[in-house]
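Novice: Read off the chains here:
Number of protein chains: 2
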Amino acid sequence: MVYFFFYPKTIAVIGATSNPKKFGNAVTINILKNKDIQSQLYLISHKSKEILGLKCYTSILEIPEHIDIAIILVPAKAVDGVIEQCIEKKVKGIIIITAGFGEINEEGKKKEQEIAKNCKEAGIRVMGPNCVGIQNLDIGLNASFIQAAPPGKISMISQSGSFGCAMFYAMASQNLGCSKFANIGNNIDVSFNEILDFFNEDKNTEIICIYMETITDGRVFLKTLKDIVLNKPIIVLKGGRTAYGMKAASSHTGSIATNYKMLKTSINQSRALLCENTSDFITALKAYSFLPLPKGEKIGVLTNSGGSSVLFSDKAEEFNLRLASFSETLIDKMKPYLISLVKFINPLDMIGVADKEQYYNVTKLMLEDPGIDIVVACVVIPPFLEMKSDEHYRGIIKAWNDTKRIKPLITLIMFAEEFSDIRDHSKKENTTIFFTPHDAAYAIKILIERMKLLVKSRANQKF
Amino acid sequence: MVYFFFYPKTIAVIGATSNPKKFGNAVTINILKNKDIQSQLYLISHKSKEILGLKCYTSILEIPEHIDIAIILVPAKAVDGVIEQCIEKKVKGIIIITAGFGEINEEGKKKEQEIAKNCKEAGIRVMGPNCVGIQNLDIGLNASFIQAAPPGKISMISQSGSFGCAMFYAMASQNLGCSKFANIGNNIDVSFNEILDFFNEDKNTEIICIYMETITDGRVFLKTLKDIVLNKPIIVLKGGRTAYGMKAASSHTGSIATNYKMLKTSINQSRALLCENTSDFITALKAYSFLPLPKGEKIGVLTNSGGSSVLFSDKAEEFNLRLASFSETLIDKMKPYLISLVKFINPLDMIGVADKEQYYNVTKLMLEDPGIDIVVACVVIPPFLEMKSDEHYRGIIKAWNDTKRIKPLITLIMFAEEFSDIRDHSKKENTTIFFTPHDAAYAIKILIERMKLLVKSRANQKF
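The listed protein sequences correspond, in order, to chains P and W.
My numbering puts the first residue of the first sequence at 1, with every later residue one more than the last.
My numbering puts the first residue of the second sequence at 1, with every later residue one more than the last.
Among these hints, one or two may not hold up.
Chain copies aren't distinguished; within one or between two, either way the pair holds.
What the hints assert, rightly or not - Pairs of lysine to aspartate or glutamate residues, derived as DMTMM-like cross-links and limited to a Cα-Cα distance of at most 25 Å, are as follows:
1) Lys247 / Glu317
2) Lys49 / Asp80
3) Lys264 / Glu317
4) Lys286 / Glu417
5) Lys232 / Glu368
6) Lys22 / Glu357
Simulated from the structure, these hints should not be mistaken for lab results.
Computed from a predicted structure; not experimentally measured.
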């Protein structure tokens, strides 16, 4: 069980310091940033007597309480001695943040094996070495030297701490948020699989994502994915897919070469979602975080920009999506809201004059139509006719709210990243925006795939 | 010749209005926004006597001067009469912004043919109908109803006006700029080819990009691309690549189905760059706008984030790029700047502690190294150790400046879109940033392709 790593009653930071140029300071500050933190924090430092008002101990052995997790930040050569003390103290788990082990050379690899062996014998679980730490945003715990992730419902394992750090920037800008974050670095004890199992059982985790560079026990990993994926969506990004990438990964986390083609086949079979690039990885998180699964595959598209719906239609076909045919009933209902130039085919091009009211009414009619399962509202923000840059988006979201958000509504607002009014409204309404035709179509593709997976699994259960 | 469309001495707006809810108002306002506009503007309106201080005429025939271009915004049914007057007035060119012709039905197509025929007989050139107008940012002319593009050196033909409009948002956010913009809509007279020829001769145009949905004279178009491409890079995005896309395009600009596979082969043979999605289209514009062509293919990579350089290495191999081997000389030069944990292999992972000085020195050494043709500086912005979020980027750009920007320097700053300090510095220094491994690798791929194209063409010339 790795639960206690994320819900520690007591934490010892070994290698705490008041020097802001050291990671031992960053971790201490990050934990203490949350004034209401429930975990009791103990600092161990050779140089300081007090840091941020907290008394420092010179050894973990001096601490009167039992310690759940010890976070080690001392230099590599001092790690051994510190671990001995942790064993004597009978801590439950250790996070070794210190780098300079298996990712450096064979000697480092040996040292890791020793540490793993000793801790295993003592019944102590280990994360790291060469990691940034862990986070549990549900209890406001940032036990890492990177910034706290925005809180939310995604739980992430990243084999690269800096990738996690970068992802938090991306997540913050896309209104995405984390429940738990683990960076297990060189990965000498606690495995991906154990953390995945914990994420699966964790109530606050609704979506799981993984950045991995190597996998040590492939068969168990793939079985774990299979077990979880019907319960929660899992999104995987693999670094080291190519010879160049693997060489870089081996120097990064001491990873062993993986046959990506085989891994890809296996992950696809497990029905976890394997992304080939970072953009799709983020798009997948957005889709699963903000959109309900569709009941069917038929897509209705409305737009004020022919070009953007043409580009979306191309991507839709490239992803094997299906555009709906509008029924006569739907056409009759839409007609009163549209000007005479509009042709009633899907995508519905309402032309540049289309305003908030038209977007509201037509989006709503499509969302209510039994022949449409998914609605794509494309917008190019009109810089004319005194229209407000966010009015179309407001109309669209109002229609979604008024239909209780039952169907997935994809808003494709072309290149609108810099429109803060739209971004603000999106945040306030807890919705997401796609900025390119590719991203919008990809989001739909994976929602449909997941819907089909769940339908099939339910059907199997019935037999 | 279509030169006069972009440098008109006199413009008549037919259908000018003081009603801000009409496109005739938007075009008038947009032209007059530039107080120093050199083109003489005449307004023709049935309702207003004066708009924005400018006298209105009731017919183009009343205007005492010769008219270079007449911009028509009257309702579709009034277009015929207005064109008759333009013919009588012997204007040089007409831009029909009014929609409701070939994109609507067969009757509209017939009407277009009539207009084309009548104007041809009178020696008048026509752009449109169903377009947003044209822009020449070099002289501050925005003769369209969309916002003026940011000024720059890219010239764009877009068959979709709204795609142009969206592109201007993207360009503004990426420090890109336009020299000329033409949206020729249903494309009944002035062809892509003529505008491309003009862009080729135009001194301010350094890069050409095209959004197209249909092409009427394929052979001439491909010959035009071939003729230009050694002189200026041409980037093409095709809407209507699939059956769904073509159906949407046909309703949008009355486009005829194109066999995309054949077109793709032909465009690739012409050596223009065909992009499969909008992100690559923008990445290509960034690469050609801000980066010199490399002299060779060998890439040197530095990073503070193992994960990002692993992901970049994967993309590099996927795009058939070549990572350099560091020479002993380079390694000896770099050593003094790096901590002992660093392994001297490419990508060079300087680890999270790397600061501005290290980025400056190592980037400079790689830029100066004869064994490296292209430098990729990867950064994950460190949220720790009191580092400033833009310091690495500043170090990188200083190194580029100090080496006179001779080699292409690709800055890959993972998911840094929201860091305004970095964005501001990038704008001030007239540089570009790539935010994902895919985009960085794609930029290099197309720079190398273009380098090879030019080398080959020069070699051929010598024989």
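Novice: Against this structure, judge whether each hint is valid.
Specialist: For each hint, the structure was consulted:
no., hint, result
1, Lys247 / Glu317, "between (36 Å within a copy, 11 Å between copies)"
2, Lys49 / Asp80, "within (23 Å within a copy, 90 Å between copies)"
3, Lys264 / Glu317, "both (23 Å within a copy, 17 Å between copies)"
4, Lys286 / Glu417, "both (15 Å within a copy, 17 Å between copies)"
5, Lys232 / Glu368, "neither (28 Å within a copy, 50 Å between copies)"
6, Lys22 / Glu357, "between (56 Å within a copy, 17 Å between copies)"
Of the numbered hints stated above, the single one contradicted by the structure is hint 5.
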